[in-house]
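So you can see what is in the structure, the chains are spelled out below.
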Amino acid sequence: MLRGVNFRDDKDFSGCSIFGMMNVRGEKFNGEPVITAIANMKERSNGLGGGYAVYGIYPQYSELYCFHMMYDDQKAREETEEFLKGVFEMEGAEVIPTRSCEGVDDPPLLWRYFLQPRESVACEEEDIDDFVVRAVMHINVGIEGAFVFSSGKNMGVFKGVGFPEDIGRFYRLEEYEGYIWVAHGRFPTNTQGWWGGAHPFNILDWSVVHNGEISSYGINRRYLEMFGYICTLHTDTEVIAYAVDLLVRRHGLSIEDMARVLAAPLWTEIDRMPARERELHTALRQTYGSLLLNGPFSVIISNRSQMIGLTDRIRLRPLVAGRNGDFMYISSEEAPMHLVDDTLRDTWIPQGGVPIVAEMEETVEVPEAEEAKVLPLRHGDTA
Amino acid sequence: MYKDLKSYLLPQYLIERDDYRCIRCEVCARQCAFEVHWYDEEEDAVFADESKCVGCLRCATLCPTNALVVRPNPTQPPPNANWTMEVLQNIYKQAETGGVLLTGMGCDKDYPIYWDRIVLDASQVTNPSIDPLREPMELRTYLGAKPDALKVSRKGGRPDLQTKLTPQLKLETPIMFSAISYGAISYNACESLARAAAEVGTYYNTGEGGLHRNLYKYGANTICQVASGRFGVHADYLEVAAALEIKIGQGAKPGIGGHLPGEKVSAEISRTRMIPKGTDALSPAPHHDIYSIEDLAQLIYALKEATHWEKPVSVKIAAVHNSAAIASGMVRAGADIIALDGIRGGTGAAPTMIRDNVGIPIELALAAVDDRLRQEGIRNRASIVVAGGIRSSADVIKAIALGADAVYIGTAALVALGCHVCQKCYTGKCNWGIATQDPYLSKRLNPDVGARRLVNLLTAWSHEIMEMLGGMGINAIESLRGNRLRLRGVGLTQEELDILGIKHAGS
Amino acid sequence: MRIEVDHHAGLPGVFMRVGDKVKINARQLHYRELNNMIKNAALEGTEEIVVDNVYGQRYIGSGIRRPVRIILHGIPGNDLGAFMDGPHIVVDRNAQDGVGNTMNNGTIVVHGRAGDIVAMGMRGGKIFIRDSVGYRAAIHMKEYRKFRPVLVIGGETQDFLGEYMAGGLVIVLGLGGRGKRRFTARHIGTGMHGGLIFMRGEVEEHQLGKEAAVAPADEEDKEIIRPFVEEYAAYFDKDAERILEGDFLKLYAKSHRPFGGLYAY
Chain A
1 MLRGVNFRDD
11 KDFSGCSIFG
21 MMNVRGEKFN
31 GEPVITAIAN
41 MKERSNGLGG
51 GYAVYGIYPQ
61 YSELYCFHMM
71 YDDQKAREET
81 EEFLKGVFEM
91 EGAEVIPTRS
101 CEGVDDPPLL
111 WRYFLQPRES
121 VACEEEDIDD
131 FVVRAVMHIN
141 VGIEGAFVFS
151 SGKNMGVFKG
161 VGFPEDIGRF
171 YRLEEYEGYI
181 WVAHGRFPTN
191 TQGWWGGAHP
201 FNILDWSVVH
211 NGEISSYGIN
221 RRYLEMFGYI
231 CTLHTDTEVI
241 AYAVDLLVRR
251 HGLSIEDMAR
261 VLAAPLWTEI
271 DRMPAREREL
281 HTALRQTYGS
291 LLLNGPFSVI
301 ISNRSQMIGL
311 TDRIRLRPLV
321 AGRNGDFMYI
331 SSEEAPMHLV
341 DDTLRDTWIP
351 QGGVPIVAEM
361 EETVEVPEAE
371 EAKVLPLRHG
381 DTA
Chain B
1 MYKDLKSYLL
11 PQYLIERDDY
21 RCIRCEVCAR
31 QCAFEVHWYD
41 EEEDAVFADE
51 SKCVGCLRCA
61 TLCPTNALVV
71 RPNPTQPPPN
81 ANWTMEVLQN
91 IYKQAETGGV
101 LLTGMGCDKD
111 YPIYWDRIVL
121 DASQVTNPSI
131 DPLREPMELR
141 TYLGAKPDAL
151 KVSRKGGRPD
161 LQTKLTPQLK
171 LETPIMFSAI
181 SYGAISYNAC
191 ESLARAAAEV
201 GTYYNTGEGG
211 LHRNLYKYGA
221 NTICQVASGR
231 FGVHADYLEV
241 AAALEIKIGQ
251 GAKPGIGGHL
261 PGEKVSAEIS
271 RTRMIPKGTD
281 ALSPAPHHDI
291 YSIEDLAQLI
301 YALKEATHWE
311 KPVSVKIAAV
321 HNSAAIASGM
331 VRAGADIIAL
341 DGIRGGTGAA
351 PTMIRDNVGI
361 PIELALAAVD
371 DRLRQEGIRN
381 RASIVVAGGI
391 RSSADVIKAI
401 ALGADAVYIG
411 TAALVALGCH
421 VCQKCYTGKC
431 NWGIATQDPY
441 LSKRLNPDVG
451 ARRLVNLLTA
461 WSHEIMEMLG
471 GMGINAIESL
481 RGNRLRLRGV
491 GLTQEELDIL
501 GIKHAGS
Chain C
1 MRIEVDHHAG
11 LPGVFMRVGD
21 KVKINARQLH
31 YRELNNMIKN
41 AALEGTEEIV
51 VDNVYGQRYI
61 GSGIRRPVRI
71 ILHGIPGNDL
81 GAFMDGPHIV
91 VDRNAQDGVG
101 NTMNNGTIVV
111 HGRAGDIVAM
121 GMRGGKIFIR
131 DSVGYRAAIH
141 MKEYRKFRPV
151 LVIGGETQDF
161 LGEYMAGGLV
171 IVLGLGGRGK
181 RRFTARHIGT
191 GMHGGLIFMR
201 GEVEEHQLGK
211 EAAVAPADEE
221 DKEIIRPFVE
231 EYAAYFDKDA
241 ERILEGDFLK
251 LYAKSHRPFG
261 GLYAY
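Top line first, the protein sequences correspond to chains A, B and C.
Taking our numbering as reference, the numbering of the first sequence is continuous, increasing by one, and the terminal residue is 383.
Taking our numbering as reference, the numbering of the second sequence is continuous, increasing by one, and the terminal residue is 507.
Taking our numbering as reference, the numbering of the third sequence is continuous, increasing by one, and the terminal residue is 265.
Accuracy of the hints is not assured; some may be wrong.
Examples of chain C residues lying across from chain B (beta carbon under 8 Å, computed) [what the hints assert, rightly or not]:
1) 207
2) 214
3) 260
4) 265
Straight line, CA to CA, 35 Å or less: simulated DSBU-like cross-link-like pairs of lysine-lysine [to be verified]:
5) C:39 x A:42
6) A:153 x B:155
7) B:170 x C:254
8) B:170 x C:210
9) C:254 x C:222
10) A:28 x B:155
11) A:42 x C:23
12) A:42 x C:254
13) B:151 x A:153
14) B:217 x C:222
15) A:75 x B:151
Calculated from the model, a selection of chain C residues having no Cβ within reach of chain A, i.e. all distances over 12 Å [as the list claims (entries may be wrong)]:
16) 43
17) 58
18) 115
19) 159
Calculated from the structure, these hints are not laboratory results.
Ideal Cβ placement from N, Cα and C applies to all residues, glycine included.
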């Protein structure tokens, strides 16, 4: 059952492990180290959800939207395909390859589609991405038993119920190569382990893995609803993906300003800032106060060129970062980074609310000075 | 009118005096402006005319030996669910005078108090509750229109804010003092409110009676009201205010105007209201320049223009059946703040039947307005402030979770100053020195003491709000605002739950 | 020399006894397997246990009440030494969150950095971190009778150092930077109502919680911290005298009852 047992909980939340690994030169690698790393944090999950977001896996279709779909049954698939064919050119449609794997039971039907919005749509729409978001919302809300769990370009989300290492084997992730891998192991607080509720959450190119519970979920969701985002999953992580899409893609905020909305500085800090900065941060909180993510969280947010780590402003959940040559790491715990990269020496703990931004190095947008600011605690800085 | 008609009214209260405790100090006699108590020298005893007693408890509170007990008169008419003592007394009063029943303060009928049917959430295990005494806990609130999106450009890495926000009110705690006019209350009460607002970092509201010159220095914490009578509204008044509020209506008497009798228009009130001494101050029921929504827009922009677009403009309405649609229109008409006043909102004087029967509970109005503005995607464009029966920090926090940005407290503030809610404000004889212009009475309220009591109240409520927020694992008030998932109803019907947008406890 | 191979984990070569030392290869081991080996070795009276390839195994050192030396090569997992009552643990690299959680006795020496909530609720024993620590170090550290916990941090600390601190001694040396260390942590000593924090460097008033008072440390104060600075210097090959020459600030509780006036009547 795709949408799981219908408990009446406000939201589904979970404790978790998160791990991200990026090659900032865009060189691809397979999923082995990521699976090893997330498996190393097994104590943080309980087998009720695991998943991966991988960037760079569909180079042959890099300009097409790739929808990964979960279906309860063939009827849902037929209905969805009919809808998709109405508004998209379907360049490819296939079953997502899996292998049977102990610990992964009752998967839904898993399909993927490579899609190009029809020209008639492209002419009418001001923003193709907005149109795609609406198409995702339409399927997730309107088609019983169908769920889009990945909708970006040249990337894909693979997730389900099980320990993350089992989910990785189930999806044959060792056969994929990407330059950003983000993984998640889940520890939901109820038994409602269901496929759609696993992380990462995705909309367009944005993927989010999350550890913690968002205490402000109720208002975050109501705010996003005003902008047309329908939270179908009742999962607090979902709001993060939509919030990032709204702030960065639609409102054009920088990653840093986006982080300052989700994990706003305290008023006492804002009051001490120089005038221009104070004005900006005051305006950010005034305008986007309903998107402040309150409560403990650490997240890894990724898109095709960035991997961003962020914790809540008083850092109630852990996050550690590391860099070794072209590889950037972001992790719930320190040990797995070293386990997969024994020559890693440069690791640090970011300050609460200050993002770690790993970017493709040929497209540097964040200037050096700011990057230095987010790395306050390097390994060995006192030696 | 037959002045000699025998009154059939029974005393509302009985006064029992313990003669053994009474030391004949005559405090009660001196304190009662209703002239209930008197000392008889010949008999060396203190007597009371209970028919005059309003139950304000000034005498009992100040009696140094606790010799006085004031209690509701137990004498009742024959049992009857319809024809209660109150109903009978009202009819006797009107049969004897031919007059409209008048009262003060807010509706005292037992309509459901939804605050008491709503419970709050707390964190257990899955996220940590936050300790408000040690960890940061933010109550700061900004009132005013917010843009849907901010445009921030980056010049050489330096952020540059392109979107300028319209003026905002900065509150250090999401509680303000409701509109109460100078005239309805004494100067000392006004000064107490003004000083407390300034000290706490919030706002008080002048009501429609203008602003006394001596209080201009608290302008930065003053919301100046512009009501249908336009009393005391002039350039200085508009200039000095932190924000302006157009009063369309108030919860205690939706749809009707007001009337400050000429005998209360003293020299000071005359100067403040800018009307001749001794004349009746009539507030028309509507603004005669607002007969429709576009006229409201005209007045809103007139005020903005007059104050150089430097101040947010609030519009206050009584909560009525279609508040949601009205509020939507108000936002579209340019209001920066929507103030909603529910059926339990207070007043200095209102016809009893109107006070008790017109309007709707604030909880329902708030839920409906917040929902509607969100459905229309315009909730950002205005802040919502609610008033009318906010009694405690718990009511405040529930209001915020339902969707309010802040609350106004009126009755609670006056209670902090000593008010015992006897509902006789309209007599001008307030023994607590609040709702009176009698200098003998008003000097009982020392503004130093009054301000301290109000600051204490807001401090205590703010602490309690922080504790409850912390318990929910939230450390900034904006994360609770409109976060109805943190509320549950107890003993409410599905219809009520649907309107409030909350689930029943246990689900 | 006697070498014996144990089969605790079903894998040959995982557990070796070398004289009165034990060597464990922890790669592949779950924390329960690893900790059982360590506990058993300690119970058998082993003086030193050396563990290689530690990657994230939790609770190492917990449940042991003997003064055994445990040498860890790698990155131990969360709650290192939680509720610990006696062992001496040395970590050759970084440690994760929760080092010395509610620890009662013993010593932990980390040749690197530690994560969040180091020494949380610690009541006794000593922790030495060569480099820096994360959030909420020494939160609710307390002392009781002869128990007086000590936490020495070589570098910096992040926010909420010494939150609710009720007793014990925290020393932050601020080493590693150039010139005088300007600490960046915020909310230091918030809710503090006992104990002492010494910081070598500068802290501004707004960085302190409102329950913490600050004063320059005098010579007498320096004598309080001297033995622990010397111990730190000995572990990490530093010059104790040079460290002690620096200017220290002393943070202490303004009151043992900071919230006495909070409630009505």
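Results of checking the hints against the structure:
| no. | hint | in the structure |
| --- | --- | --- |
| 1 | 207 | violated, 13 Å |
| 2 | 214 | violated, 17 Å |
| 3 | 260 | violated, 12 Å |
| 4 | 265 | violated, 11 Å |
| 5 | C:39 x A:42 | holds, 22 Å |
| 6 | A:153 x B:155 | holds, 30 Å |
| 7 | B:170 x C:254 | holds, 31 Å |
| 8 | B:170 x C:210 | holds, 23 Å |
| 9 | C:254 x C:222 | holds, 20 Å |
| 10 | A:28 x B:155 | holds, 33 Å |
| 11 | A:42 x C:23 | holds, 25 Å |
| 12 | A:42 x C:254 | violated, 44 Å |
| 13 | B:151 x A:153 | holds, 27 Å |
| 14 | B:217 x C:222 | violated, 52 Å |
| 15 | A:75 x B:151 | violated, 45 Å |
| 16 | 43 | holds, 25 Å |
| 17 | 58 | violated, 6 Å |
| 18 | 115 | violated, 6 Å |
| 19 | 159 | violated, 7 Å |
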